[in-house]
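Chemist: Residues per chain, in single letters:
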Amino acid sequence: MDGKELLKVEGISVSFDTDLGPIEVVDDVSFEIKPGRTLALVGESGCGKSVTASSIMRLLPHPHGRVTRGRISFEGESVLDLPVEEMYRLRGGKISMIFQEPMTALNPVHTAGAQIAEVLDLHRADIAKKAREPEVLEMLKAVEMPSPESRMGNYPFQLSGGMRQRVMIAMALAGHPRLLIADEPTTALDVTVQAQILALIRDLQKKNGMGVLYITHDMGVVAEISDDVVVMYAGQIVETGAVLDVFKNPIHPYTKGLIRSMPLLDSVPKTELPTIHGQVPSPHNYPATCRFANRCPHADESCRANTPALEDFSPGRKVRCFKAGRV
Amino acid sequence: MKKGLRTAALALGLAAVVAAPSFAQYYTSKAVSADEKAMAAEVRPDFSSPQVEDKSVKVSGLPETLTWYTSKPGVWGSSRAKQGGTFRDYIAEFPDTFRTVGPNANHAYRTFFGSNPATVELNMETREFLPGLATHWAFGADGKTVYYKLNEKAKWSDGKPLTSADFTFMYQMMRSPDIQDPWYNEFYTEQMVDLKAYGPYVISVTMNAKMAPADLLLNTACSPRPAHFYGGKIDKDYVDTYQWKAEPTTGPYYLADFVKGESLTFKKVKNWWGHEYAYNKNRFNIETFEYKVITGGNDIIKNYFYKGELDKFYMIIPQVWADEAKAPEIQKGYIDREYAFYVPLQGVQGIFLNTKYKFLSDVNVRRGFYYAINIQKMIDTVLRGEYARNHNIGVGHTFAGIDFNDKTIRKPNFDPAKAGELFAKGGFDKIGSDGIRVNAKGERLSVELIYASPNHTERLSVLKEEAKKAGLELNLNLMQKGSFTALREKNFQAYWGGMSTSVYPDYWEYFHSTNADKTQTNNFWGYANPEMDKLLDAFRAEGDLKKKAELTKKIERLVDQEALVIPHYYVPYYRGGTWKWVRFPKWLNNKFNDDFFEAMAPYNGYGAYFGYQWIDQDIRKEVLEAQKAGKAYEPRIWMDTTNKAN
Amino acid sequence: MKKPMFTLDPLTRKRIDRFKQIKRGYWSWRALLVLVILSLFSELFINSRAIVVSYEGKLYFPTYGAVIPGTTFGLDYQYETNYRELSKTLKANGKGWVLMPLVPYSAYEQDFKEGVYPPYAPSLVSRHFLGTDSIGRDIVARLVYGFRIAILFSLAYVFITFFIGTVIGCLMGYWGGWFDTIFQRIIEIWEQVPFLYVVMIVGSIYKPNFAIFLLIFIIFGWSSRTWRVRAMTYRERERDYILAAKAMGASTWRIISVHIVPNVLVVIVTMLPFAISGAISSLTALDYLGFGLRPPTPSWGELISQGISAYKTAPWILTSVVSAMTVILVMIAFIGEGLRDAFDPKKFTVYK
Amino acid sequence: MSAATPIIEVKGLVQHFAQGRFSGNRIVHALNGVDIAVREGETLGLVGETGCGKSTLCRAMMRLYKPTSGSVYFEGKDITKLRERDLRFVRRSMQMIFQDPAESMNSRLNVGYIIEEPLLIQTKLSAPERKEIALALLREVGLPEDSYLRYPHEFSGGQRQRIAIARALALEPKVLVCDEPVSALDVSVQSQVLNLLMQLQRERKLTMIFVSHALSVVRHMSDRVAVMYLGNVMELADSLTIYHEPRHPYTKALIAAIPQPDPSRRFDKIPFTGEIPSPIDLPSGCPFRLNCPERIERCETEKPALREVAPGHHCACHLVG
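Residue numbers (this note's numbering), protein chains in the order written: chain V, 1 to 327; chain F, 1 to 646; chain P, 1 to 352; chain D, 1 to 321.
The shape of chain V in the complex, shown without the other chains:
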């Protein structure tokens, strides 16, 4: 790996048409992923993390959603300007994606094996038709599918949630992607299975050196899997940095709240938990000023009057807060 960026997202904004007029759900988001690294995009529902991922794949719901500003480059090429045919080759090939609910992402009328084979058909012209079946089997073994020979002929409904996610991962990896976008892939899974899947993604990444964009709301999972973290709140990035730094020393009050508000296994039972008070604002009424100000325990008048920018805090750290480092 030469340290060149695999994916570079530069200041993209995404807007959606709704009944109440257009809303900007992603505002000026930038980050980059290097090969072999995992970037976690973390935030609550509605913060714009999934929309960001969809923008990279150019899978925003047409015609309601569109990228209004910014640039996305993948291996130096501008994704947003690629012709549609090129996009087909990119999707599932060089960039692939896994989703939260594998049951809906898999076609219920085809067998697991057939669905993996289809990816091979689309993106792996080098594999002869006859060689496909052994290749599929290899893929299933690679994702540690129990008894892969018989599971190949199974339909999605015959598989458990964990197995389905394994099939999804096998499909995602079948095209030998350079970048894997994982959109909450373990949220619907049980913790023991989640642990297995996380370990699997880590192992696979180690083996083939792909970049991973991991989207989640679970700080536990972030801590478990990522190298770098991007924390989003209300359509904006509020904090970025290396995972150890961010967890050891969260700067933004929101990041702090997120990390502290969940009970730890060694907490004292039935004691009051630290909270972030208030509610996540709706995209229809994002304030023009600091979007976290009305929930922030440290906010003052100037926070409610001015708009903070995402600024360098220390090397590799960026924070969007007027009081960064002071509270």
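Rather than coming from a laboratory, the hints here were simulated on the basis of the structure.
Hints may contain errors.
Said to hold, decoys possible - FRET-style restraints, in silico, Cβ to Cβ:
#: 1; chain 1: V; residue 1: N306; chain 2: D; residue 2: T123; range: 18 to 26 Å
#: 2; chain 1: P; residue 1: A92; chain 2: F; residue 2: E421; range: 25 to 33 Å
#: 3; chain 1: F; residue 1: A417; chain 2: P; residue 2: A66; range: 14 to 22 Å
#: 4; chain 1: P; residue 1: A66; chain 2: D; residue 2: E129; range: 38 to 46 Å
#: 5; chain 1: P; residue 1: Q21; chain 2: V; residue 2: R89; range: 37 to 45 Å
#: 6; chain 1: F; residue 1: K518; chain 2: P; residue 2: S257; range: 51 to 59 Å
#: 7; chain 1: P; residue 1: A333; chain 2: V; residue 2: G21; range: 24 to 32 Å
#: 8; chain 1: V; residue 1: D266; chain 2: D; residue 2: R26; range: 41 to 49 Å
On a predicted model such as this, the values are computed, not experimentally measured, just so you know.
Don't be surprised by glycine CBs; every beta carbon is placed ideally from N, CA and C.
Knowing the structure of chain V, use the given hints to seat chains F, P and D on it.
Modeler: Positioned in the frame of chain V, the structure of chains F, P and D alone reads:
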């Protein structure tokens, strides 16, 4: 929408053409004008055929005392007639079988396949008898038997001679259970009790009861069956074996070809023996009949007709007659119209009032209907004054020179005030807020009228609106399937429709008290009256036709008083259009013959009165050329009013 | 606000607002509503009875109410006054005046002119604005009264079948088990009965009146309404709010009526217009084939059948009825389309 | 351990569901002989993974299902065989909060009605009385009074869960069953709802049954925690013990699998690699044996019973105690 616009444009265009003065310049062609000139000179022939004694006939083995009769009608056909040609016609559905007896044989085209003349035929001008397959007839002393001497020249269409064996075979066949036709089994066992052969050309037929001679002839006249065709026997496989095998015939046309489900082709029998009789001369002129199956109703048939693919099209209904007059092919004279009057044979018809239904048991209420039902307005409006109003329960009952109907019976004209009086007498003395009369029990004078034919709705709507004026509500109930069943079960209030009849009526089954309370009988009215029973019983017992006729008239007058039936109308004419090359004699029709257009099926049970028309190939050529060139003839309506009632 | 369950919930209100934004659907809805309401008062616009008669200083309003015999106005007959004639008579003898409706003909009476036979072409003079049919009945009157019958029939049919279908469908979905199984089988068998043929057979044997006709329609029409409702109920009953209601001790009836039906109604509402136009079409088709309502009930099907057989000689019959039918069915289709768009859950996906 | 009679007691509870209408052979074995007691005033946590029967257990306790066998006692009274109309006192005394507040309330009804509905069903209170109660509840769960006329979709997930809590409290129940009450909520508001629940329990002396798949949350909320697996209680202990001294191999695996918000404490080993068996085809013997790293021969044939292995600590494992 598009169609509607186009139609409107067409109508406009047509109006313009009609208005154009140049249109008056009609094209006259040689062939047409020659034939029309010859036609002008034609005289209606003498159709009479009185029964005469023929002393020359003697048959050994039969009593010497037998008197043999015959009749000698003259030439009836037109001397203008030309032989040959093809007449194109349609059938609404392909027949289910070519058999004429047995399962499914009772279809509309049965006569096509059983076109044998009977021993004697009925003269449709005078209802006298004609020689058919028998040249002579004689009456046995028992008053039940008729002897027939067969025409020795008669042949089957396959060339085999006709003999008495074909009659005995017919008798045996009709009595066989293997034909699976109980009606025939019953008639030829219970009614016609014997049929014997005396040598190859004489037979005797015996009925189960004594009858007047004319009656006896009517009942014993029968048609043979080709014994050779069936190998002389009928067995269990008859129904299946002969499903699609048409018998040879002694009539003029035989089935020459067919495509199942599509068409039937009939051809004239070569050197048909029937031309021996003078009255068949210049008749059955057409060589070939092609019947194409055309489904989809009158509008479709009409299109075929105007395209020139059919030679004739009926225009009986007044509105159709009026509408078709505007068709360009008629306006330009390529199609002629023929219009001839006749006297229909019509049984008890009109509105039947069920005397078992609440207030309809009151004769005053029923008589009120005479004034409340505005038949005349219906005729004058919807029927454009063209149907004839009927005053009696029977029309056209003339037989052996005797008229059976009382023509003095007249029904009153529509009169709401008079109807109101009668209804009031029947208890309906108040008028409700909706204008309908009410009686003391609070019953409204509302009667449900059931009927079976959708195209009668318009007619009945007129009656309904008019009846309101008399305070009578008619609820129209169209029952396309079950109306007759409802009638037979006396499960109705009023019924619009009627019964068919024989050449003279026998009202016993309708009005005798025996059946008054039984369902599934023809006493629909539930009518019982000892006076009526007396008349009906006397009619049954009477052997003399003249006295029978007097009794019939008395019965009709009694029914008139009782107001069981509100008679409606009859159609006194047949009319339609034919392409100009279909030519007719100047006399289009006979007095009692309905469908003079029907050219092929000559024997439908009552007589040989068809087949006058012919195809003129020269005219055909000319008309087709004229049509191509856009030249118009003067439009023609050929009308024969000889039999128009006053 | 005391009984919040009877107020419109905001989702419904939002849908209605959205429907109002769908122009052609909303305008069709308003136009159709006006037409239906007007048709309920057709007697005032199209009638052989006068609106007002002034006779010898007294006013009469014959439109609704009892038949007024001719004798009332000094005429020589006891049956219902012919107001068109009366108008002329009174004008002549100066004893009063008559105000006739715009179209002075009823849907039943036949107007025959001396010497010319109907159908009469449209005419402003005779006030047969769309002409007459082949027995002289006014086309406008037959169209409007036919419309009224058809729309009332369809509304009654659709609402009753939906009511039955919803109740049974809900119970099937909610109770499930043997109840569901038995009803499913019954409905499957019932649906095998070719409904229109049955109506035709019944119609040809015994011409039913409006109520019986409606009953036959309902007997055969309810079953198809159950499936969607049943499926919806199956889905709804698995949702937590039903369990929550059960945990509160809510009765089955309460759960169905308060919780399930309002949620299921959405699909029903979007199905309604299509069901209504379907009912109008079937009624028209049956009338056309002669298996429909008792003649001389004014009906579009009967007009179409007349129009087709006389399209060359009397094109106004077919033109009028086809136009009217097209307009109404297109309007209903627009309403249906509008409702579907307005109720389409996709349009209201909340952004996540 | 207090000597008081438990408020709810479940004895040998077996709950089977037939899958498919006629397929009697496809039976989901949701609960397979559960014995558990809920003490008055405590919070009993139920934890386990998909299909372990924790939701089924609490619904069975509420008698929303008819048990296949075994019995349920509420305040010492056997309610197993009661008919729906005789269950009114149970319905009044036990209320429930669901995972997804959007799902658990009818979006066509306004908040006031939603909160008042239990009162409508169970009491004869007048409309003003009901409204007064509803407004008080709104205040109690921290929502403004003007919420009364608004509709659920106008609220965020956390607020909706507050509405659900208010509804659950309307009848002043003795027991509150919380079935995954925070799993569907935004991370930042989860703790708010958890704090609210703890506060309400203190104030109202509620008995709570708290169900979640997240062991850390259950542990924090509960006095005692029962770990469930395939319709069986595997381990039952007070919440401190369950983390510090887990005895059952499954509990250990579960703890190991929970990702902690601390990158320096990443998993050192994956708990187990196998699949959890389907509740349709139960394994013989110990239900966990297929994934158990410590299984012995006996596990295959004999199902371990839940035994007290230390005071107040119950465990169902042949290797323990």
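Chemist: Does each hint hold? Answer for all of them.
Modeler: Right, here's what the structure says about each hint:
Our hint of 18 to 26 Å for N306 of chain V and T123 of chain D is violated, since their Cβ atoms are close to 53 Å apart. In this structure the hint that A92 of chain P and E421 of chain F lie 25 to 33 Å apart at CB holds, the actual value being about 30 Å. Distance hint check for A417 of chain F and A66 of chain P: the Cβ-Cβ separation is about 20 Å, which falls inside the suggested range of 14 to 22 Å. Our hint of 38 to 46 Å for A66 of chain P and E129 of chain D is violated, since their Cβ atoms are close to 56 Å apart.
As the Cβ distance of Q21 of chain P to R89 of chain V is approximately 41 Å, the hint placing it in 37 to 45 Å holds. At roughly 57 Å, the beta carbons of K518 of chain F and S257 of chain P sit within the given window of 51 to 59 Å. Distance hint check for A333 of chain P and G21 of chain V: the Cβ-Cβ separation is about 30 Å, which falls inside the suggested range of 24 to 32 Å. For D266 of chain V and R26 of chain D, the Cβ-Cβ distance of about 43 Å falls inside the hinted range of 41 to 49 Å, so the restraint holds.
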